[in-house]
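Enquirer: Build out the structure end to end from the sequences listed, making use of the hints.
Single-letter residue listing:
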Amino acid sequence: MSDKRTAITINGIVKEFSAGSQMIRVLHGIDAEIRSGELTYLVGESGSGKTTMISIIAGILYPTDGSVSVFGQDIYSLSDNDLVRFRLSNIGFIFQQYNLIPTLTAAENASVPLVAAGMKRDEAVERGRAMLDKLNIADQADKLPRQLSGGQQQRVAIARALVHEPRLVVCDEPTAALDAKSGRRVMDLLREVALAPERTVIIVTHDNRIFDLADRILVMEDGRITHDGEEMPDH
Amino acid sequence: MTWIAIRMLTGDRQKFFGLLFGVAFSALLISQQLTIFINLIERGATAVYNIPTANIWVMDPVSRTPDVALPMPPTALDKVRSVNGVEWASPLLRSGATVRTPEGDLEGVTVVGVDDATLIGLPKKFIQGSREALYEPDAVIIDSVGAAKLFPEGFDPIGVRLELNDRRAVIRGIVDVDPSFTSQVILYTRYSNALAFVPGTRNRMSFILASASDGLTAKQVTTRITEATGLKARTREEFARDGVDFIIENTGIPVNFGITVALGFIVGVAIVGLTFSLFIRDNIKQFGALKAIGVTNNKIRMMVAAQALLVGLVGYGIGILLAAIFIASGAANSPDFKGFYTPWEIPVLTAFVVITMILITGWLALRSVLKTEPAEVFR
Ligand SMILES: Nc1ncnc2c1ncn2[C@@H]1O[C@H](COP(=O)(O)OP(=O)(O)OP(=O)(O)O)[C@@H](O)[C@H]1O
Ligand SMILES: [Mg+2]
Numbered sequence: 282m283s284d285k286r287t288a289i290t291i292n293g294i295v296k297e298f299s300a301g302s303q304m305i306r307v308l309h310g311i312d313a314e315i316r317s318g319e320l321t322y323l324v325g326e327s328g329s330g331k332t333t334m335i336s337i338i339a340g341i342l343y344p345t346d347g348s349v350s351v352f353g354q355d356i357y358s359l360s361d362n363d364l365v366r367f368r369l370s371n372i373g374f375i376f377q378q379y380n381l382i383p384t385l386t387a388a389e390n391a392s393v394p395l396v397a398a399g400m401k402r403d404e405a406v407e408r409g410r411a412m413l414d415k416l417n418i419a420d421q422a423d424k425l426p427r428q429l430s431g432g433q434q435q436r437v438a439i440a441r442a443l444v445h446e447p448r449l450v451v452c453d454e455p456t457a458a459l460d461a462k463s464g465r466r467v468m469d470l471l472r473e474v475a476l477a478p479e480r481t482v483i484i485v486t487h488d489n490r491i492f493d494l495a496d497r498i499l500v501m502e503d504g505r506i507t508h509d510g511e512e513m514p515d516h
Numbered sequence: 087m088t089w090i091a092i093r094m095l096t097g098d099r100q101k102f103f104g105l106l107f108g109v110a111f112s113a114l115l116i117s118q119q120l121t122i123f124i125n126l127i128e129r130g131a132t133a134v135y136n137i138p139t140a141n142i143w144v145m146d147p148v149s150r151t152p153d154v155a156l157p158m159p160p161t162a163l164d165k166v167r168s169v170n171g172v173e174w175a176s177p178l179l180r181s182g183a184t185v186r187t188p189e190g191d192l193e194g195v196t197v198v199g200v201d202d203a204t205l206i207g208l209p210k211k212f213i214q215g216s217r218e219a220l221y222e223p224d225a226v227i228i229d230s231v232g233a234a235k236l237f238p239e240g241f242d243p244i245g246v247r248l249e250l251n252d253r254r255a256v257i258r259g260i261v262d263v264d265p266s267f268t269s270q271v272i273l274y275t276r277y278s279n280a281l282a283f284v285p286g287t288r289n290r291m292s293f294i295l296a297s298a299s300d301g302l303t304a305k306q307v308t309t310r311i312t313e314a315t316g317l318k319a320r321t322r323e324e325f326a327r328d329g330v331d332f333i334i335e336n337t338g339i340p341v342n343f344g345i346t347v348a349l350g351f352i353v354g355v356a357i358v359g360l361t362f363s364l365f366i367r368d369n370i371k372q373f374g375a376l377k378a379i380g381v382t383n384n385k386i387r388m389m390v391a392a393q394a395l396l397v398g399l400v401g402y403g404i405g406i407l408l409a410a411i412f413i414a415s416g417a418a419n420s421p422d423f424k425g426f427y428t429p430w431e432i433p434v435l436t437a438f439v440v441i442t443m444i445l446i447t448g449w450l451a452l453r454s455v456l457k458t459e460p461a462e463v464f465r
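Chains A and B, in that order, give the protein sequences.
My numbering numbers the first residue of the first sequence as 282 and each following residue consecutively.
My numbering numbers the first residue of the second sequence as 87 and each following residue consecutively.
Just so you know, these hints were derived from the structure itself, not from any lab.
Each residue gets a CB set at the ideal place from its N, CA and C atoms; glycine is no exception.
Take the hints with a grain of salt, since some may be wrong.
Said to hold, decoys possible - Straight-line alpha carbon distances no greater than 25 Å define the calculated SDA-like cross-link-like pairs of lysine to any residue that follow:
id, chain 1, residue 1, chain 2, residue 2
1, B, 371, A, 290
2, B, 371, A, 318
3, B, 371, A, 457
4, A, 424, B, 98
5, A, 401, B, 98
6, B, 385, B, 404
7, B, 165, B, 147
8, B, 457, A, 364
9, B, 210, B, 153
10, B, 371, A, 297
11, B, 457, A, 361
12, A, 401, B, 247
13, A, 424, B, 370
14, B, 371, A, 507
15, B, 371, A, 300
16, B, 101, A, 446
17, A, 424, B, 153
18, B, 385, A, 408
19, B, 385, A, 430
20, B, 457, A, 480
21, B, 371, A, 493
22, B, 457, A, 362
23, B, 371, A, 426
24, B, 318, B, 170
25, B, 385, A, 297
26, B, 457, A, 401
27, B, 371, A, 432
28, B, 210, B, 190
29, B, 385, A, 363
30, B, 385, A, 446
31, A, 401, B, 89
32, A, 424, B, 234
33, B, 457, A, 430
Claimed, not checked - Example chain B residues on the side facing chain A (calculated, C-beta under 8 Å, incomplete):
id, residue
34, 97
35, 371
36, 372
37, 379
Expert: Written out as C-alpha cells, the structure reads:
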C-alpha cells in the first residue's frame, strides 16, 4: 500500500546494562522496520525488553550498539542537543503514569510541547484546547489533573502527545493504570485521532484486551523479536 | 517555559509558602539582627556625636572612651588653650553617680558637667525647659530616655528633686539625645555644680573639648596638642570610632549577634533546601517527561533558576520589609530603639546572603533534575 512506507529502520540494536561489575545484555541485536500509517504493538512478557526497545526508538536511551533511523535520520549520530530538538519536533510521548504537571490545567498541560518549542502562551494553550476538543474532553480543559479521572488524564496526555503533530507517537503501557472500559475507550480514541497516513504509532502493551486494535504486532522474548504479524501468534 | 516553571511552583501552595517563609525568615532575622547590632555598637559613639560643636577631644593618655577616662588636673585646660591652632577649649566632666528618686528607687546615672560660661557640651534639642534653666540653683537637665526610665509614663519630671550622691538636684529641663550604649540616665549640669555633685580628688576634668582654628584640620590640631601638652587628642570621628571599637573588643556582642546571624542563615538554608528538594522530588517525573518531550538541559536550568529567583526575590522582599518595619516602629515607640535606623548596607548584605542561600539550594535541587535520564519516565 502506498501510504504505508517504512518510517523507522532498526539495525542491529544491542543494549547492555551494567549490574555491578557485570554487563547484562537486554537486547540481542534487533532488526526491524516500522511503517507509517500503522498502529504497531510491541508485546511480550515482563522483562522481555519492550520498554528498553521503545526508549531506544524514541531517542531517549542510547543503544550499546546498532543504529535507529527515524524518518531517514540516524538519530544517535545527532549531538545531544540536536537529538533533544529532534524529539521535540518529531516525537509524541504517552506515559503509563501520564506525568501531567499537577498545577497546570488540562489545556495548559496539552500545550507543553508547543511552549517548549517557543510558541507564545495564549496561542499554545488555544491549540491545546482544540486538541482536547478532538479527544472529546473540551469541557475538562480548565480543570487540574487531580480533578480528572484516570481515563481523562490519559486523554489529556494523548492531547499533549499529538498537539504539535509529531510524526512518531510512542506509548508505554498507556492503559495499564486504567480499568478495562476506560482503557478500551482511550485506545479507540487514540487509534481514531492519532492514526494518520504520515504518522507512526508504536504502543508497548501487555493488555490483551486491546490486541485487536493493532495493525501489526511485534512480539518480544528475552530481548529478541520472535513474531511479526497482523495478529498474535496462536499458541 | 518560564511561566510553566513559575506555575509549577506557585501552584504547590504548601511548598511555595514554605520556601517563601524560609527565605523571608532568614532575611528578616539576619537584617534585623545586623541592624540592631550596628545601631547598638554605634551607641558607643553617641556621647561624642551629641556634642556637635567640638571637633577635638583632649584627654589623659590612658583614657579610651567617653566612659572610660582618667581625669586630668585643672591646669591642662590652660595648656590646651595656649596651643597654636586651638580656637577655643572648654572643660567637660563625665562621671558615674547614683540618684535616689522621690519614690526611693536607686539608679545609676552619668553626670555631665559642661562649661559654666559657654555651656558647650549641652545638647541643643530641648523637649522641655531651656539652656538658661541650667543657671538656676542645683539645676540638672535630664535626657528623654533617662526620664522615661526614671519616671512613670505621662509623669512631668520638671521640678522634681533628686538625691544625687546625697546632694540636692532639681530637674529643670529635658533634652532629646540618642542614648548611650548602656542607656544610663544622663544628667547635665554646670561644671561647677558637677564638681559638687561628684566628690573626688583635685583631678576631675574628664575631657577638654576644643575646636580647630580656621584653615586647620582637626587632625592637624590634635597632633599639635599632643606634641605641646603630652595629652591624648582625638578628632571627633576618631573618638567616636574609639567608643565603637571599645564595645566590639570588650563585649560578647559581636559574637552573640554573629551566632544569631549564622543561625538565621543555616536555618534558612535548611528550610529552603529541604523544601526545594521536596518540591523537585515531587515533580521529578514531570521534569523527566519534559526532558523526554524535548526540553533541553539549558531550559531546565532556566526553569529552576526562575523558580529560585521568584522565591528569593519575594522572600527577600517580605523579610527586609518586616525588618524595616520592626526597626522603624521600634525607633518610634520604644526608648530601647531610640535613634535606630536601617543603614543601606544591611539590605545589600542580606541580599548577598539570600543570593548565596538561593544559589546553594537551587544548585542542589537542579543537580537531581539534570541527573534524571529521560528514559526513566518509562519506568
Ligand atoms: N536501567 C537499567 N539498569 C539495569 N537493568 C535494566 C535497566 N532497565 C532495564 N533493565 C533490565 O532490562 C530488562 C528489560 O527491561 P524492560 O523494562 O525493557 O522490560 P519490559 O519488557 O518493558 O518489562 P515490563 O513489561 O515489566 O515493563 C529487564 O531484565 C530489566 O531488569
Ligand atoms: Mg516496560
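Enquirer: Evaluate each hint against the coordinates.
Expert: Okay, the hints, checked on the actual structure:
{"no.": "1", "hint": "B/371 - A/290", "verdict": "violated (29 Å)"}
{"no.": "2", "hint": "B/371 - A/318", "verdict": "violated (30 Å)"}
{"no.": "3", "hint": "B/371 - A/457", "verdict": "holds (17 Å)"}
{"no.": "4", "hint": "A/424 - B/98", "verdict": "holds (15 Å)"}
{"no.": "5", "hint": "A/401 - B/98", "verdict": "holds (24 Å)"}
{"no.": "6", "hint": "B/385 - B/404", "verdict": "violated (28 Å)"}
{"no.": "7", "hint": "B/165 - B/147", "verdict": "holds (15 Å)"}
{"no.": "8", "hint": "B/457 - A/364", "verdict": "holds (17 Å)"}
{"no.": "9", "hint": "B/210 - B/153", "verdict": "holds (21 Å)"}
{"no.": "10", "hint": "B/371 - A/297", "verdict": "holds (24 Å)"}
{"no.": "11", "hint": "B/457 - A/361", "verdict": "holds (14 Å)"}
{"no.": "12", "hint": "A/401 - B/247", "verdict": "violated (79 Å)"}
{"no.": "13", "hint": "A/424 - B/370", "verdict": "holds (22 Å)"}
{"no.": "14", "hint": "B/371 - A/507", "verdict": "violated (32 Å)"}
{"no.": "15", "hint": "B/371 - A/300", "verdict": "holds (24 Å)"}
{"no.": "16", "hint": "B/101 - A/446", "verdict": "violated (35 Å)"}
{"no.": "17", "hint": "A/424 - B/153", "verdict": "violated (71 Å)"}
{"no.": "18", "hint": "B/385 - A/408", "verdict": "holds (22 Å)"}
{"no.": "19", "hint": "B/385 - A/430", "verdict": "violated (31 Å)"}
{"no.": "20", "hint": "B/457 - A/480", "verdict": "violated (32 Å)"}
{"no.": "21", "hint": "B/371 - A/493", "verdict": "violated (31 Å)"}
{"no.": "22", "hint": "B/457 - A/362", "verdict": "holds (16 Å)"}
{"no.": "23", "hint": "B/371 - A/426", "verdict": "holds (14 Å)"}
{"no.": "24", "hint": "B/318 - B/170", "verdict": "holds (16 Å)"}
{"no.": "25", "hint": "B/385 - A/297", "verdict": "violated (30 Å)"}
{"no.": "26", "hint": "B/457 - A/401", "verdict": "violated (29 Å)"}
{"no.": "27", "hint": "B/371 - A/432", "verdict": "holds (19 Å)"}
{"no.": "28", "hint": "B/210 - B/190", "verdict": "violated (31 Å)"}
{"no.": "29", "hint": "B/385 - A/363", "verdict": "holds (14 Å)"}
{"no.": "30", "hint": "B/385 - A/446", "verdict": "holds (22 Å)"}
{"no.": "31", "hint": "A/401 - B/89", "verdict": "holds (11 Å)"}
{"no.": "32", "hint": "A/424 - B/234", "verdict": "violated (62 Å)"}
{"no.": "33", "hint": "B/457 - A/430", "verdict": "violated (31 Å)"}
{"no.": "34", "hint": "97", "verdict": "holds (2 Å)"}
{"no.": "35", "hint": "371", "verdict": "holds (5 Å)"}
{"no.": "36", "hint": "372", "verdict": "holds (5 Å)"}
{"no.": "37", "hint": "379", "verdict": "holds (5 Å)"}
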